[in-house]
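Peer 1: Please build the complete structure, drawing on both the sequences and the hints.
The numbering used here numbers the first residue of the sequence shown as 1 and each following residue consecutively.
Rather than coming from a laboratory, the hints here were simulated on the basis of the structure. Check each hint, because a few of them may be wrong.
Restraint ranges, calculated between C-beta atoms of paired labels, are given here [claimed, not checked]:
#1 Asp287 / Gly74: 30 to 36 Å
#2 Tyr665 / Gly636: 50 to 56 Å
#3 Glu828 / Met721: 29 to 35 Å
#4 Gly247 / Val71: 35 to 41 Å
#5 Ile66 / Gly625: 48 to 54 Å
#6 Val656 / Ala698: 30 to 36 Å
#7 Ala63 / Ser249: 19 to 25 Å
#8 Ser182 / Tyr250: 54 to 60 Å
#9 Tyr665 / Ala541: 49 to 55 Å
Below, a list of computed lysine-lysine pairs in the BS3-like style, where the Cα atoms sit at most 30 Å apart [unchecked claim]:
#10 Lys660 / Lys777
#11 Lys658 / Lys829
#12 Lys672 / Lys777
#13 Lys672 / Lys829
#14 Lys829 / Lys777
#15 Lys777 / Lys658
#16 Lys672 / Lys658
Computed from a predicted model, the values in this text were never measured in an experiment. Idealized CB from N, CA, C, for every residue including glycine.
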Amino acid sequence: MTAGTPAPAVPPQPGSVGMARLRRLLPPLIGIVLFALALLFLHRSLAQLHYAELIGALRDIPAWRIVLALVFTGISFAALAGYDWLALRIIGRPRPWRSAGLAAFVAQSIAHSTGFATLIAGAVRYRFYLAEGLTLPEVAKVQALFGLTYCLGFAGLCGLVLAAEPQVLAPATDAPAWIWRSLGLAMIGAVAAYIAWAAAHRAPLRIFGRELPRVRAGSALAQTAFAAVDLSAAAASLFVLFPPEAGISYFRLLGAYLPAILLGVASHVPGGIGVVESALLLLLAPDRGHFAAVAGALVGYRVLYYLVPLLLGAGVFGLAEAGRLRGAFGQASAALLRIADPLAPPAFAVLAFASGLVLLVSGATPPAADRLELLAALVPPALIEASHFTGSVIGTGLLLLSHGLARRMAGAWLLASVLLGLGIALSLLKGLDVEEAAILAAVLAVLLPCRPVFYRRSALLDERFSPGWTAAVAVAIAASIWLAFFSYKHVGYSHDLWWRFALEEHAPRSLRAAVGALAAALAVAIVKLLRPAAPNLQPSAQDLTDLRQIVEQSSASAARLALTGDKSFFFDRSRRALVMYAIMGRTWAVAGEPLGERSLWPELLWDFRALVDRHGGWPAFYEVGAETLPLFLDLGLSAIKLGERARVPLANFTLVGKAKADLRYAHRRAGKEGARFEVLRPEAVGAVIEELRQISDAWLAHRHAREKRFSLGFFSADYLMTGPIAVVRREERIVAFANLWPGAGREECSLDLMRYGPNAPYGTMDFLLSECLLWAKAEGYAWFDLGMAPLSGLPDNRLAPLWSHFGRIVFEHGSHFYNFAGLRSYKEKFEPIWTSAYLAYPRRALAFVIADIAALIGGGWLGLAKRPGGRTSPSDRNEPVPPLSSTARS
Numbered sequence: 001m002t003a004g005t006p007a008p009a010v011p012p013q014p015g016s017v018g019m020a021r022l023r024r025l026l027p028p029l030i031g032i033v034l035f036a037l038a039l040l041f042l043h044r045s046l047a048q049l050h051y052a053e054l055i056g057a058l059r060d061i062p063a064w065r066i067v068l069a070l071v072f073t074g075i076s077f078a079a080l081a082g083y084d085w086l087a088l089r090i091i092g093r094p095r096p097w098r099s100a101g102l103a104a105f106v107a108q109s110i111a112h113s114t115g116f117a118t119l120i121a122g123a124v125r126y127r128f129y130l131a132e133g134l135t136l137p138e139v140a141k142v143q144a145l146f147g148l149t150y151c152l153g154f155a156g157l158c159g160l161v162l163a164a165e166p167q168v169l170a171p172a173t174d175a176p177a178w179i180w181r182s183l184g185l186a187m188i189g190a191v192a193a194y195i196a197w198a199a200a201h202r203a204p205l206r207i208f209g210r211e212l213p214r215v216r217a218g219s220a221l222a223q224t225a226f227a228a229v230d231l232s233a234a235a236a237s238l239f240v241l242f243p244p245e246a247g248i249s250y251f252r253l254l255g256a257y258l259p260a261i262l263l264g265v266a267s268h269v270p271g272g273i274g275v276v277e278s279a280l281l282l283l284l285a286p287d288r289g290h291f292a293a294v295a296g297a298l299v300g301y302r303v304l305y306y307l308v309p310l311l312l313g314a315g316v317f318g319l320a321e322a323g324r325l326r327g328a329f330g331q332a333s334a335a336l337l338r339i340a341d342p343l344a345p346p347a348f349a350v351l352a353f354a355s356g357l358v359l360l361v362s363g364a365t366p367p368a369a370d371r372l373e374l375l376a377a378l379v380p381p382a383l384i385e386a387s388h389f390t391g392s393v394i395g396t397g398l399l400l401l402s403h404g405l406a407r408r409m410a411g412a413w414l415l416a417s418v419l420l421g422l423g424i425a426l427s428l429l430k431g432l433d434v435e436e437a438a439i440l441a442a443v444l445a446v447l448l449p450c451r452p453v454f455y456r457r458s459a460l461l462d463e464r465f466s467p468g469w470t471a472a473v474a475v476a477i478a479a480s481i482w483l484a485f486f487s488y489k490h491v492g493y494s495h496d497l498w499w500r501f502a503l504e505e506h507a508p509r510s511l512r513a514a515v516g517a518l519a520a521a522l523a524v525a526i527v528k529l530l531r532p533a534a535p536n537l538q539p540s541a542q543d544l545t546d547l548r549q550i551v552e553q554s555s556a557s558a559a560r561l562a563l564t565g566d567k568s569f570f571f572d573r574s575r576r577a578l579v580m581y582a583i584m585g586r587t588w589a590v591a592g593e594p595l596g597e598r599s600l601w602p603e604l605l606w607d608f609r610a611l612v613d614r615h616g617g618w619p620a621f622y623e624v625g626a627e628t629l630p631l632f633l634d635l636g637l638s639a640i641k642l643g644e645r646a647r648v649p650l651a652n653f654t655l656v657g658k659a660k661a662d663l664r665y666a667h668r669r670a671g672k673e674g675a676r677f678e679v680l681r682p683e684a685v686g687a688v689i690e691e692l693r694q695i696s697d698a699w700l701a702h703r704h705a706r707e708k709r710f711s712l713g714f715f716s717a718d719y720l721m722t723g724p725i726a727v728v729r730r731e732e733r734i735v736a737f738a739n740l741w742p743g744a745g746r747e748e749c750s751l752d753l754m755r756y757g758p759n760a761p762y763g764t765m766d767f768l769l770s771e772c773l774l775w776a777k778a779e780g781y782a783w784f785d786l787g788m789a790p791l792s793g794l795p796d797n798r799l800a801p802l803w804s805h806f807g808r809i810v811f812e813h814g815s816h817f818y819n820f821a822g823l824r825s826y827k828e829k830f831e832p833i834w835t836s837a838y839l840a841y842p843r844r845a846l847a848f849v850i851a852d853i854a855a856l857i858g859g860g861w862l863g864l865a866k867r868p869g870g871r872t873s874p875s876d877r878n879e880p881v882p883p884l885s886s887t888a889r890s
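Peer 2: Listed below in structure tokens is the structure:
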């Protein structure tokens, strides 16, 4: 794989890149600090508690309480479904409860078990609702309304608790009660104000610059009710696990639960593990006699409210995938897969991570003595020792592979399946851990049928871990090591612990397993650090050879944009596909869609994204079609419509007919004035290149313009001699020209530069373009691409994004700067078929990306400041519309 990276016209400022990296690193660092503080608090709080007491308390929870906790968990998730169901009704896109419920259930079951819960849930909803037919702005509104609903319920419940019983926070702060009571009343007042606003106002609500649709009073009340039920039921699922003799009332628990959950979300620690438990123990302050029971209830809650829903969500998807493979379930399976397929990678990533954590926890804790004695009678002690050690190493492997599953990597699916199978066997061989083996078996059972979801073929070690994922792995390993020390704190440390191998020696076994897990993680880190960095070179001779071969085999005429000489290239591993890109600021802008074999595009795009991430950049894809848009959404990018591309079907193209009257008149008049059309083959261009240069220079000077770049060609002898040139001659002198872009297989033809000299007759541009289409038709081409009409066809409904409203205003009223509407009208004369063109970009970077791409097209920031030409004058009859650039493609 080769990447050619020329120096950008405006290099990224070190300070901006540094701040961007700091913003990426800061949340994980904060999470690690909070987790470390939580671990320190747990270590001190549990100093007098033995591991056996904790397990005993967990086993003492009655079965009926576990069932009741599951019931409350179901109520909580049903209320979460209400969030989405209500949000869809508010934006005018209602969906059945089952559809909204599936989206909310899967999104939140994944988000609850990860760090950055809001972002994860938003990404899952984004993929889910796009598959359901919602637009990007509508999905954004659903997610915003979800967050608003949660805040309403949280503020209402928390305000009620603080106003009625402010002393619930006394164990954590010395602040006087009136402060907390005042805060509670303010929260209640904020919720009441929102409901009153909904009842009195008809205008949409704007929050942090985002506009939400109008919410009626009934919907506002329903929002508050759904969120209150969700949080109350979630707290109740924990409350029923507490023994009555612990003396903890539900109201007191609710007062501790709400700030603990808030702290867990803010920490970005996966599932808030450790942070939530520490906050609850601090605020509940159970007495010594019931401390073990409260701690055991927290462990049970973690399993019932977090792990069980995650397994259920993945199980539903796995069954649907298996049904598709066997042809079972029919339309129901297909519909479920269409909805759930985008949700599978994050779900299985969390499941693999959780499975790895289960193995690490098992390796850090002592096995059940009776099971171990039974096992010792069946297998040799050496196998038990080896299984214990290897199980922890496999656990670390699953933590690391979860990242690859999130990125749909086929290698990660295969290795995760193998490691889960080994983990099942090792769980039984090291202590007959049937429960642990059952969890791993359930994950494996739902993962195996889902092979089609993981299609990326990439080297796992080439994948770059994000700071958040790295922090999550570090937190998981650190937690398992702490758990080992907690489980065996009664065992005094000595150097000979490492070399004790006996059935009853649990502490040495766990110590070795912890070191094995840590060593495995460090080994992977070292290998990744020692791998050579991605090359950052100008295109080599081999690159240019492979590039030319791919371009010559491409049916897309725009592939010849790669021959302009102003872009770099990133090849796939087989060198049969590539993207062409340029850098401006932090934006790595790709011109058009990838070139080469389509089956290689997904992997190529992921690899390119990884390269951009390594350099702290923003990947952006300019002018991509609707049919390839899902590939870019898979990368986590957003998309906006740039305009519409005009493609003329040549089979029926003619100058005959009333619709072509103006075009036919200009064509005939130019012919009467001596215009003659000719196509020069590439080998003949060199003989007239200076004549073409004079025409180009005169054209630019007449329009006070400068050459454009990136998505447009520019005058260069080397570039123009790569393909045929269409010329208009008058008295044997060339007076106008256009360079043609012929696609392979005669599928499509187009043109790039289209310029005329001062001696060109009336209607030369109409004559030249018409003759180009007729020539392409005679040569057997199916389509002629006239390029994009910018800002054309943008949606104008009230739910359209701000960009669309702005674009339509410019399209309709911005003719002083650029005749957008005139350009579309001119291309309409050729009766084209219009298709949408999009920009794929990272969320929250749209303004910067657009500015950077505009600078690339303008040839730098100076090119943006310099207007390329004025309005068309009556005497300038050769130019139907004033083009933004020096090309016919605009």
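Peer 1: Could you run down the list of hints and mark each one as holding or not?
Peer 2: Against the structure, the hints:
no.	hint	in the structure
1	Asp287 / Gly74: 30 to 36 Å	holds, 32 Å
2	Tyr665 / Gly636: 50 to 56 Å	holds, 52 Å
3	Glu828 / Met721: 29 to 35 Å	holds, 33 Å
4	Gly247 / Val71: 35 to 41 Å	violated, 24 Å
5	Ile66 / Gly625: 48 to 54 Å	holds, 53 Å
6	Val656 / Ala698: 30 to 36 Å	holds, 34 Å
7	Ala63 / Ser249: 19 to 25 Å	holds, 24 Å
8	Ser182 / Tyr250: 54 to 60 Å	violated, 24 Å
9	Tyr665 / Ala541: 49 to 55 Å	holds, 51 Å
10	Lys660 / Lys777	holds, 17 Å
11	Lys658 / Lys829	holds, 11 Å
12	Lys672 / Lys777	holds, 23 Å
13	Lys672 / Lys829	holds, 22 Å
14	Lys829 / Lys777	holds, 17 Å
15	Lys777 / Lys658	holds, 21 Å
16	Lys672 / Lys658	holds, 21 Å
Checked against the numbered hints above, the structure violates hints 4, 8; every other hint is satisfied.
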